[in-house]
Each structure stands twice: as C-alpha cells, then as structure tokens.
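Asker: Below, each chain spelled out in residue letters.
Protein chains: 2
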Amino acid sequence: MLARRFLSSAASLPPTIRQLLSSPPAPSAEAIHVNGWVKSIRKQKQVAFAVISDGSSEAGLQAVFKDVTLAKRCVGAPGKFYTYLRRQTYPMQKQALTVEYLRDHCHLRARTNEIGAMLRLRDTTTQVINNYFQTNGFVHIHTPIITSNDCEGAGETFRIVASSDSPSPSSSTTTQTTSVPPTTEGSPSEYFNHPAYLTVSSQLHLEAVASAISRVYTLSPCFRAERSQTSRHLAEFWMLEAEWAFTSSVEDLCAVVEGSLRSVLRAHLDSPDMAALHRGKPHGRRPELAALVDAPQPWARMSYTEAVAALEAHHTATGAFAFAPAWGRALQSEHERWLADVHVRGPVFVTDYPAGLKPFYMRANDDAAGVQGPTVACFDLLIPGLGELVGGSLREERLKLLEAAIERHELDKADYAWYMDLRKYGGAPHGGFGMGFERLISWVSGIESVRECVAMPRWAGRMLL
Amino acid sequence: MLARRFLSSAASLPPTIRQLLSSPPAPSAEAIHVNGWVKSIRKQKQVAFAVISDGSSEAGLQAVFKDVTLAKRCVGAPGKFYTYLRRQTYPMQKQALTVEYLRDHCHLRARTNEIGAMLRLRDTTTQVINNYFQTNGFVHIHTPIITSNDCEGAGETFRIVASSDSPSPSSSTTTQTTSVPPTTEGSPSEYFNHPAYLTVSSQLHLEAVASAISRVYTLSPCFRAERSQTSRHLAEFWMLEAEWAFTSSVEDLCAVVEGSLRSVLRAHLDSPDMAALHRGKPHGRRPELAALVDAPQPWARMSYTEAVAALEAHHTATGAFAFAPAWGRALQSEHERWLADVHVRGPVFVTDYPAGLKPFYMRANDDAAGVQGPTVACFDLLIPGLGELVGGSLREERLKLLEAAIERHELDKADYAWYMDLRKYGGAPHGGFGMGFERLISWVSGIESVRECVAMPRWAGRMLL
Numbered sequence: 000m001l002a003r004r005f006l007s008s009a010a011s012l013p014p015t016i017r018q019l020l021s022s023p024p025a026p027s028a029e030a031i032h033v034n035g036w037v038k039s040i041r042k043q044k045q046v047a048f049a050v051i052s053d054g055s056s057e058a059g060l061q062a063v064f065k066d067v068t069l070a071k072r073c074v075g076a077p078g079k080f081y082t083y084l085r086r087q088t089y090p091m092q093k094q095a096l097t098v099e100y101l102r103d104h105c106h107l108r109a110r111t112n113e114i115g116a117m118l119r120l121r122d123t124t125t126q127v128i129n130n131y132f133q134t135n136g137f138v139h140i141h142t143p144i145i146t147s148n149d150c151e152g153a154g155e156t157f158r159i160v161a162s163s164d165s166p167s168p169s170s171s172t173t174t175q176t177t178s179v180p181p182t183t184e185g186s187p188s189e190y191f192n193h194p195a196y197l198t199v200s201s202q203l204h205l206e207a208v209a210s211a212i213s214r215v216y217t218l219s220p221c222f223r224a225e226r227s228q229t230s231r232h233l234a235e236f237w238m239l240e241a242e243w244a245f246t247s248s249v250e251d252l253c254a255v256v257e258g259s260l261r262s263v264l265r266a267h268l269d270s271p272d273m274a275a276l277h278r279g280k281p282h283g284r285r286p287e288l289a290a291l292v293d294a295p296q297p298w299a300r301m302s303y304t305e306a307v308a309a310l311e312a313h314h315t316a317t318g319a320f321a322f323a324p325a326w327g328r329a330l331q332s333e334h335e336r337w338l339a340d341v342h343v344r345g346p347v348f349v350t351d352y353p354a355g356l357k358p359f360y361m362r363a364n365d366d367a368a369g370v371q372g373p374t375v376a377c378f379d380l381l382i383p384g385l386g387e388l389v390g391g392s393l394r395e396e397r398l399k400l401l402e403a404a405i406e407r408h409e410l411d412k413a414d415y416a417w418y419m420d421l422r423k424y425g426g427a428p429h430g431g432f433g434m435g436f437e438r439l440i441s442w443v444s445g446i447e448s449v450r451e452c453v454a455m456p457r458w459a460g461r462m463l464l
Numbered sequence: 000m001l002a003r004r005f006l007s008s009a010a011s012l013p014p015t016i017r018q019l020l021s022s023p024p025a026p027s028a029e030a031i032h033v034n035g036w037v038k039s040i041r042k043q044k045q046v047a048f049a050v051i052s053d054g055s056s057e058a059g060l061q062a063v064f065k066d067v068t069l070a071k072r073c074v075g076a077p078g079k080f081y082t083y084l085r086r087q088t089y090p091m092q093k094q095a096l097t098v099e100y101l102r103d104h105c106h107l108r109a110r111t112n113e114i115g116a117m118l119r120l121r122d123t124t125t126q127v128i129n130n131y132f133q134t135n136g137f138v139h140i141h142t143p144i145i146t147s148n149d150c151e152g153a154g155e156t157f158r159i160v161a162s163s164d165s166p167s168p169s170s171s172t173t174t175q176t177t178s179v180p181p182t183t184e185g186s187p188s189e190y191f192n193h194p195a196y197l198t199v200s201s202q203l204h205l206e207a208v209a210s211a212i213s214r215v216y217t218l219s220p221c222f223r224a225e226r227s228q229t230s231r232h233l234a235e236f237w238m239l240e241a242e243w244a245f246t247s248s249v250e251d252l253c254a255v256v257e258g259s260l261r262s263v264l265r266a267h268l269d270s271p272d273m274a275a276l277h278r279g280k281p282h283g284r285r286p287e288l289a290a291l292v293d294a295p296q297p298w299a300r301m302s303y304t305e306a307v308a309a310l311e312a313h314h315t316a317t318g319a320f321a322f323a324p325a326w327g328r329a330l331q332s333e334h335e336r337w338l339a340d341v342h343v344r345g346p347v348f349v350t351d352y353p354a355g356l357k358p359f360y361m362r363a364n365d366d367a368a369g370v371q372g373p374t375v376a377c378f379d380l381l382i383p384g385l386g387e388l389v390g391g392s393l394r395e396e397r398l399k400l401l402e403a404a405i406e407r408h409e410l411d412k413a414d415y416a417w418y419m420d421l422r423k424y425g426g427a428p429h430g431g432f433g434m435g436f437e438r439l440i441s442w443v444s445g446i447e448s449v450r451e452c453v454a455m456p457r458w459a460g461r462m463l464l
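Protein chains in written order, with numbering that gives the first Met the number 0: chain R, 0 to 464; chain A, 0 to 464.
In short, the hints are calculated from the structure, not lab data. Some hints could be false.
[Said to hold, decoys possible] Calculated lysine-lysine pairs in the DSS-like style (CA-CA distance at most 30 Å, straight line):
hint, chain 1, residue 1, chain 2, residue 2
1, R, K42, A, K423
2, A, K423, R, K38
3, A, K38, R, K423
4, A, K42, R, K423
5, R, K399, R, K412
6, A, K399, R, K38
Being a predicted model, the structure only gives us computed values, none of them experimental.
Between the sequences and the hints, there should be enough to build the whole structure, so can you do that?
Answerer: Structure representation (structure tokens):
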C-alpha cells in the first residue's frame, strides 16, 4: 500500500477542491478527505452550512453540519473571513478593502477572491504559453538574470554588489559604458571582477542560443529602475521572449505572436477564474475576447507610415492630440491609444518604424520604405485600453550593417564583439519579440494596474517582504 | 490561405527536424521545407552527403547531393563545423575543445553536442516538473527576485542599487539585519527606500501564498554570493521550490519529492538527449536510473540519529573520516557521500536533524526524538556522487514556538512580523522543499559540474555576456 502510491506520479496527496469539482466522485465512492479553510458560515436552527476553500478554485465545497454545535466551533467575528482550523479571523474585512490596503498587506492579499483568481489565471496563462511554444518546436531556455550588459548605459538598470563588498565610488559610476572584457581586471571589490547588472531583456542571450538551437523562448524576470509611477510599469516584471532562426519577414513574427495570444485568450474564455474577475462588472469582456479568438482574418496590420498618415489626417481634422504626429517622431501614448481604441477598434500590429526610433540591432529594411527615410523590420502590437503589449523585430544578421549600426548608436564595439561573433560564424536570418507578462495578464483579466497582476509587486519606493 | 493558418495555434512555422523525425511524413507527401545548418559533409565521387541540424535534436537530417558541386558550396576548413547559409566556419574545433575554452566562449558553446543536449534535457525536465506539480493540484507562482530579506545577515547575498543611486557607506553595511518596515524611511538614495537584495530562496514568499492557495510551487532564479569555487555552486542558479498546506508529516514531503524525481528520471530513460550525453562513456547510467524509476519500494529513509549511528560505527571500525561523526554535529560532505554512495548505495532521505543545525522556521518535533536533544521535522535528500539535492521541512505553524525560535536565533522580530501574521490568521500545518535545478540536471545528465548545466553560468569572478 505504501509502495503502491510511489508507483504513481500523482502521488500521495488528496484531491484538491478544483480536482473534485472537475471530476466529481461517484455517489457510491468511499469517503474522500478534503482540506481547506472555512470562508463563510450560514446557520439555521437545525442545520448549518459552511463554504470550504483550499484556494485551488474560487468555488468552494459546501459543508453541511447536521450538528449546529459543530459549526459553532468555526465562528469568528461577523463580516470576517473564517478559518476552520485555527478558529482565528483574518485581519481582512470581507468587503471594502482598498487596493492600497491590500498592497500594504501583500503577504495576505492572495486570500482575496480577486488576487487568488489572478494568480490562478497567471498559472494557466503560463501553461498555455509553454504549450504553444513547445507545440511549435521551441526550447525553453533559462537565460541569465545577472548580466554585464548595462542596457547601453541608459541609467535605468539596477547594479549588483556582493554584500561583503564595499562598493567603491569609482565602480558606482554608470554614465560610461562599463562592460569590461573578462580578461580585464575590474575593481577588486567586485564579486564578478566587472560591473554587474540585473537584466532588462533576455533578447541578446536568446539570440546566442538561437544560433544553435534554432527556436528558443523564455519567460523570465526583467528589471528596470524606472522612477515613473504608472499603472503599466513595475521595477521587476516578467517577460515572455522568443527568438528563432530562419525567418526573414516581420509577418512571420506577427503570426507567431498572434497565434500565442489567440491560444491564451481561447483558454480563458470560459474559465471560472475569468468569470470571478469579471463578476459584477458592467461589461463582460468575453464577447470582445471571443471575437478575437474566432476572427477569420488575421488581426490588423499597418505600417508606421500608414499609421502616421491616419494620425495626421485625424489631427488635421480635429486637432485631437497634444503632440502633433509626424513621420520620424515617436508615437505617443495618445497616438497609440487612438490607433487601437478608435481607428482599428482592436489589436493592431504597427510595423516598419523609422530606424532612428529603434535600437541598433533591428534589421534595416532593404527597400528603404519609400521616400521618407530608412526603416527597420520591426513591429509593436498595440492593444485597446492597454497600449503596447509586444515589441519585436528581425535582427540585423549582416555583419557590416550591424557594425555600422553599433557605430551610429555610439556604442562600444568591444562590448558587442561576442554579438558580432554570432554573425561571423554560422549566422542566419532571425528575429524575435518580447511580451510584458503582467501587461498580458492585465489585458486578459481586465485588472487595470499591473501591480495587481503579480503576487508581490515592486516599484519605485515600494518593495515589501 | 493566409487566414487559415491563423486559426491553428500551431501557426506558420515549418516543422523542426525533431518534429519530422518523430512523425515522418508519408512517402507521398509534398515537398517539405526544412531549415538548418550544415554540421558535416562527406563527399564521394558521384554523390555527397551533408548532415543538416536545426538544434531541435542531436540527430540531423541527411541531405544527399546528387550534384557534388552543390555540396562544394558548403565546404569550410577541415575538421570544423560548417554552416550552409553563410559558408563560414565556427571558431570551434570539432574535437578536443576543453570545458574551459567553451566557458570562455559561452555565446557559442550551445553549438556543441553536449551543451545542446543539456539545454534540451533542461527544457524537458522543466516540462516534466510542471506536469507533475500541475497534475497534483499545485499552482505555479512567480515569486519575487528582489527582496528585503537579507538572508539573516549571512553576508552571502547580493545587494541592489539603482544605477542612478550613489550607494552611501551607511547603506552598504550589512552586518546588521537591515529589513526596514515600509513606513520607516531608509537612505534617500535607495530606490526602494530600504535595502534590497537578490533572493536566496522563495520559500517564505511561497509560504505566504500557500496560506491562501494551498498548493504552490515555483522554478525561479536564486542567488548566493559564495566565494567558494566548487563544481556544485553557482552565484546564480535555479531552484524548484514547493510549499503546501495541510500536511503534517515529513514522509508526505518525501513522497512528493520522490514522485517528482521518478517522473523526471522516467521521462529521460530513453531520450535521445540522454543517449547523446552518455555516448562513449564507459558506464551508461541508464540501468542505475531505471532501477530507481521501477523500484517497488520507496527510496531509503533514515533519521539523522540512525545516520550518525551508522557513521560512528563505520568510523570506529575503520577511522575512515577526517571529521569524526557525532550526534549534534553537521554532516560533512564525506559523511553524506559515504551514506549515499556506500551505505545505502542509492538516494537516501535523512530526516529529523537536531534543531541546532537548522534554520528557525523548521517545525519542532513533538516527541523530542529520544534522549539526545531536540530535533526538527525536516529532511535532506542525498544522492550518490552528488550529495545534497533537496532539502525540506515542515514549517513551524505554532505561533509561540515560532516566536521562541526567532528569539533563539537572535533574529529581529520586527522583520518577521508578516511571517508571524501567516500563523496568527488562518494558519495551517504546512511544509515544503527546495531542489537545486542545476544539481538535478547534473544528476540526470551525468555532467559533473553545474557550470555545464546552465546556458550561461555565473560564479565568483566569472560572468560573461
């Protein structure tokens, strides 16, 4: 009996409530042991009812007490959550908890219905993403978190010191590009012998692996020391990134992104966690999301040039924008919102931006995209009500053009010697993208702030536990 | 046609070579487009053969050139890897590359058979782990990487500063416990208003979530600024950690660990990547691993007290150990090796260590474990040839005992107020474990050093890219 349970990989644990609800036992089955907390109690004269939850689903099991005195052992203060096991109450009112109060108690907030549902939805989304990429032949890679790349000295990176080091003044200056080849001695107080940063993107690392294993992806933490306080930014966030070799069209990239997003939406359309998150809200988002899953045509694509033309026409007619749109200028949030929310009324891939607006590694378009200036083979996916969810591009695989771009962006060639090696030896046309995972959760769940889209959010001035 | 491909979640990408090998097309099928690099070429007078690889599997496709001149376009220098697309050679000799040479070229080393196979084996292992925990009702949680917990001031943590901050001398002292309640002002130069560290374990965070969602796990990066240079330690490593409520026996914990490991071993027994890693080695590890998968009995368990008795008897008879074993002393590596390699000749769970050897959060055993001193409800899993792979315990859920342990370990109660809250409100008996993911890969693959068990290893003095 002891030995038998080890032969099954679904080992020794009793069923969760979610498992019981999805495949209920036969009426003739033996008694089943269930663990959980008492979430609420309702007493009548002869009988009492309690909802038992183990957090595996929003729905609990209803326990019926034919002996009302037994239920009395569960009683806590009115209007509070109860716990059967300890008969103590949570410090959380059942209602009227503000988002801010819960952020201050993030060690307890997973106990609320909304955060609980979000965490399960996040788990499901992770599974769907993994299935999608594995089905399409991608290999998951654990890319490094600590990196020598300081994100082009942009100053929004976190630097790392070993606690036993005293960071010297000289090693804490970051205005210069500080990546040092491994043979050069750095400050002796530095654990790695040269400056170390938290990664802002796994892209360059994935490119290295994609030059051997042609399709790779990762879902990995990334970090930006941004000072801005918005509902779209976290200091620590998770990013889905994929890179693959042997692709030479932006449309290929968009197709993979759209396929992955349709998979995610499809998996959630009828999930109880989505229902829990949308309950009581005036407009269920199911019809909108279902239409995207079932759309017989690809989601909208338009070039940056087309987008700017539409924006200019609208601005000329209405003067709607604070920033005048013009070819060669970055799209502002108000522009992106108008494109997705009003002009397209749905997700839209905006492609082929001016080279001057984008990083050095994006592939130059051959056709020079008409008369207005050089463009690169890239896209941003804009989502109504959210803004940019995904950004991607073909990567410049032509060594000479890459070198020229590194020079044009005034980067230190020595820092990118390894990156140029990838082109020198066995290079191939390739591309990829990055998707902010909390923004994806925000879109799917309808939870507006990304701070409620992760278990324990970190942002400027705020990092609990 | 364009629209159709969007309706399938396996979207627009051609099959990988792995997909083709596992479900070969019918002879009558239309021509199939395949992408890859030329790994080797063999020419005869009338015909030439090339092995095409896309990195999705070690085995490539053999291309037959009936026109030998076509094959000539692939030729590079003899004894090198070739690439079809660019006709350039890799800077890697096919043979006789030292491990150290490859570590110095870690942007290219995924192109070697061994690292390629390891990365695919890592991917498969991740999938198996995810399947195992999901089947058993666990929810995957992304736990935070940046934390205010400095690991009890142990001095082996990495500290974080925003690049725009100048770390002040006072904020770089770490001998005191520096976690500051959120309302207290820290150094104004600190991005988060109080000191921030890279996590050494997700356990405490998982415990918070497990008090709401009763079964949770994570596979997450962890960090230790260790100065030791061993084949078992990395500065950045991945850890599988699980926590679950409503368990009150160490045997339950061991059963879940053993179940997950049997799943991993079973998945690899006949995998081509394992075969690639073991090829040419004198002793295939398959028989040893297969025996563990099929063992009708649970793997060995013994208490610390039993282990010390066996060690003492052996030491008295042979004087084999540099450190004399004795109850109350930590097990040394030589002791752990003897237990797993010689005494048990297999994996062994050693349970119920003396309280004085273990962290504050482990649950005190009620029975006082006989006469030799108080013990805690914990285990270490020792593996032959590897040492400790997993450590876990029940967590002290009794508030008074937890408070006493915090005092006994001379920790600041204020830092753990939130952790005690988990016990004050709706606490439940619970436990969990942590498994070093690179050590798992090392064990399964037979690759001795963990530096070859991750794409881009980081250790003291070494951090490339």
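Asker: For each hint, tell me whether it holds in the structure or not.
Answerer: Here is how each hint holds up against the structure:
A C-alpha spacing of about 25 Å is found between R/K42 and A/K423, which places the hinted pair at or below 30 Å, so the restraint holds. At most 30 Å may separate the alpha-carbon atoms for a hinted pair to count; A/K423 and R/K38 meet this at roughly 16 Å. The suggested pairing of A/K38 with R/K423 holds, with an alpha-carbon distance near 16 Å, which does not exceed 30 Å. Under the criterion of a C-alpha separation no larger than 30 Å, the hint pairing A/K42 with R/K423 is consistent with the structure, at around 25 Å.
Distance check on the hinted pair: R/K399 and R/K412 sit about 12 Å apart at the alpha-carbon level, within 30 Å; holds. Among the hinted pairs, A/K399 with R/K38 is consistent with the structure: their alpha-carbon atoms are about 25 Å apart, no more than 30 Å.
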